[in-house]
Amino acid sequence: MITQQVQQTILESSIVIASPDQISSDLGDEAVILNLKSGVYHGLNEVGARVWNFIQQAKTVKEILEMLLQEYDVDVEQCNKDLIALLSDLLAAELISISNETTA
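Terminal number for the sequence shown in this note's numbering: 153, no gaps in between.
Worth flagging that the hints you see were computed from the coordinates, not collected in a lab. Among the hints, a few may not be true.
Said to hold, decoys possible - Below, simulated DMTMM-like cross-link-like pairs (lysine to aspartate or glutamate); rule was C-alpha separation at most 20 Å, straight line:
no. : residue 1 : residue 2
1   : 130       : 112
2   : 108       : 70
3   : 86        : 143
4   : 108       : 120
5   : 130       : 61
6   : 86        : 138
7   : 130       : 95
Construct all of the structure, not just a fragment, from the sequences and the given hints.
Here it is in structure tokens:
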């Protein structure tokens, strides 16, 4: 089995999308995701669930960050740090794919 490189660089221009090998459900303000490959469930808090719903279609990290900054009263640096941590966790759990391809 080939696994995705967890140390993949997540850039502002990186494109993020939810993996097709999962199912998810909203639980109030939170979400639960089942990785169909591993059979492992993952839970997300309110903000994580908002990001999860947003990335059901491909978005750049910059677009996700801008959405969070519009919807939540949070410091830009802290928001960026927390977003990268969340995306890293989702990538490690094989729940998202990240592409750093450029369209130059």
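List in ascending order the numbers of the hints, as given earlier, that are violated by the structure.
none
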